[in-house]
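Student: Sequences listed follow chains A and B, in order.
Counting from 260, one number per residue, gives the positions in the first sequence under this note's numbering.
Counting from 260, one number per residue, gives the positions in the second sequence under this note's numbering.
Hints were generated in silico from the structure; no laboratory data involved.
None of the values given here were measured: they were computed from a predicted structure.
For each residue, glycine too, the CB sits at the ideal point set by N, CA and C.
Be careful, since some hints might not be right.
Below, computed lysine-lysine pairings styled on DSS-like, alpha-carbon distance capped at 25 Å [claimed, not checked]:
id: 1; chain 1: A; residue 1: Lys380; chain 2: B; residue 2: Lys363
id: 2; chain 1: B; residue 1: Lys363; chain 2: A; residue 2: Lys363
id: 3; chain 1: A; residue 1: Lys363; chain 2: B; residue 2: Lys380
id: 4; chain 1: B; residue 1: Lys294; chain 2: B; residue 2: Lys329
Here are some chain B residues the structure puts well away from chain A; computed CB gaps all over 12 Å [unchecked claim]:
id: 5; residue: Gly284
id: 6; residue: Arg300
id: 7; residue: Glu308
id: 8; residue: Glu369
2 protein chains.
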Amino acid sequence: MADTSSKTRNRILKAAWQMLEDNQGSGVRMSDIAKRAGVSRQAVYLHFETRLDLLVATTLYLDEIKGIDKRLEASRTAPDGRSRLTAFIDAWGNYIPEIYSVAKALMTLEATDAVAAEAWKGRMQAVRHGCAAAIHALDRDGQLSATYTVEQATDMLWVLLSVRSWEQLTRDSGWSQADYIDHMQALARAIFVR
Amino acid sequence: MADTSSKTRNRILKAAWQMLEDNQGSGVRMSDIAKRAGVSRQAVYLHFETRLDLLVATTLYLDEIKGIDKRLEASRTAPDGRSRLTAFIDAWGNYIPEIYSVAKALMTLEATDAVAAEAWKGRMQAVRHGCAAAIHALDRDGQLSATYTVEQATDMLWVLLSVRSWEQLTRDSGWSQADYIDHMQALARAIFVR
DNA sequence: GGAATTACTTTACATTATGTCAAGTGAAGG
DNA sequence: CCTTCACTTGACATAATGTAAAGTAATTCC
Numbered sequence: 260m261a262d263t264s265s266k267t268r269n270r271i272l273k274a275a276w277q278m279l280e281d282n283q284g285s286g287v288r289m290s291d292i293a294k295r296a297g298v299s300r301q302a303v304y305l306h307f308e309t310r311l312d313l314l315v316a317t318t319l320y321l322d323e324i325k326g327i328d329k330r331l332e333a334s335r336t337a338p339d340g341r342s343r344l345t346a347f348i349d350a351w352g353n354y355i356p357e358i359y360s361v362a363k364a365l366m367t368l369e370a371t372d373a374v375a376a377e378a379w380k381g382r383m384q385a386v387r388h389g390c391a392a393a394i395h396a397l398d399r400d401g402q403l404s405a406t407y408t409v410e411q412a413t414d415m416l417w418v419l420l421s422v423r424s425w426e427q428l429t430r431d432s433g434w435s436q437a438d439y440i441d442h443m444q445a446l447a448r449a450i451f452v453r
Numbered sequence: 260m261a262d263t264s265s266k267t268r269n270r271i272l273k274a275a276w277q278m279l280e281d282n283q284g285s286g287v288r289m290s291d292i293a294k295r296a297g298v299s300r301q302a303v304y305l306h307f308e309t310r311l312d313l314l315v316a317t318t319l320y321l322d323e324i325k326g327i328d329k330r331l332e333a334s335r336t337a338p339d340g341r342s343r344l345t346a347f348i349d350a351w352g353n354y355i356p357e358i359y360s361v362a363k364a365l366m367t368l369e370a371t372d373a374v375a376a377e378a379w380k381g382r383m384q385a386v387r388h389g390c391a392a393a394i395h396a397l398d399r400d401g402q403l404s405a406t407y408t409v410e411q412a413t414d415m416l417w418v419l420l421s422v423r424s425w426e427q428l429t430r431d432s433g434w435s436q437a438d439y440i441d442h443m444q445a446l447a448r449a450i451f452v453r
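Given these sequences and hints, build the entire structure.
Tutor: Here's what the structure looks like:
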């Protein structure tokens with residue numbers, strides 16, 4: 260069954276997620292996932308051609324489970340650019356820790372595998388679109404700081420809200436999640452809002 | 260000869276550097292480096308215990324060749340905190356592209372190898388010290404924005420000046436090196452200088 | 001009720017890069 | 001002449017991904 264809805268397929272996805280969560284996204288092998296799902300290693304390959312395919316499918320699975328679309332919608336319906344920016348940072352910034360482990364595994368592949376790099380890039384483009392939408396909203400309100408073009412502001416916001424930046428601040432520098440959100444919101448308002 | 264100054268050892272380091280530069284830090288094997296250096300693969304292991312050791316040695320080799328210490332000195336002798344911050348961003352920010360390929364190879368290992376993670380962390384701590392020094396100078400002048408503690412400002416500057424952030428802006432978003440430097444300097448002044 | 005299909009298991013193997021091991025070579029130096 | 005040093009040569013261990021082929025047990029179809 261190459262279908263996207265199969266009991267086994269879902270068990271594998273859940274196992275992959277849990278396994279990555281337990282190990283913070285590193286050192287998880289196909290055989291570990293298979294074992295956790297209670298199937299043979301080959302069964303995994305029956306549902307996912309490669310490890311990369313499985314990881315990508317796991318991020319999509321998480322997006323669905325976690326209802327990220329709905330959560331991002333709050334920022335889309337914000338009354339003005341400024342509050343939209345704040346809401347977007349809240350929604351995306353708080354989603355990062357929930358997907359971090361799976362994202363980490365994908366980022367690890369990214370470095371050595373060109374196909375994985377493309378896949379990760381695609382996923383991150385979605386975030387960039389969110390950034391762009393927030394900046395555009397600000398611009399439409401005539402509230403975007405003159406220091407930045409729409410393009411530049413989008414790029415900068417995208418970097419600030421990257422998984423890597425989140426990782427460095429919360430993991431390496433020990434910031435709490437609340438501090439991260441608060442500071443990012445304050446920083447974004449300080450530099451982007453006129 | 261386990262010495263740090265040996266003709267062959269230096270040839271290997273140079274070959275590693277060139278090879279990584281040519282391939283942007285990915286897909287470079289020990290055998291490729293050996294071939295380029297004109298020695299056997301085993302000769303490389305005679306001088307460097309592991310691939311990680313070789314990569315770390317290559318970054319140190321680059322630091323020396325490029326004279327990074329001297330270049331960072333300019334920021335240390337700046338007359339005031341504000342100019343010190345600007346000078347530091349100029350020095351470090353312009354050093355990143357010169358070491359990027361080697362750094363990339365190290366960052367790739369970082370994801371899977373705990374020892375590599377430690378090594379990379381150590382190298383990045385040096386950058387953090389530079390950030391801390393610049394922020395401290397600003398603070399001594401009574402010029403640090405009230406929005407940040409010294410600690411927080413250091414962490415934030417460290418993220419902004421991380422290799423990952425540079426990578427995303429210049430590689431993924433297509434910023435020129437000059438744009439990167441200018442914007443980082445302007446941003447840092449805007450948020451950190453009172 | 002027998003045949004075919006489906007989903008999965010089991011076992012074995014190819015691949016690729018790192019790192020180890022042991023024996024050999026050729027030149028420099030006492 | 002003999003030893004030591006720096007390096008070479010070739011073989012092997014390891015670890016994980018991915019492939020291949022044959023087998024099994026349950027369901028479905030006629």
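Student: Broken hints, numbered, in rising order?
Tutor: When the structure is compared with the hints, numbers 4, 5, 8 turn out to be violated.
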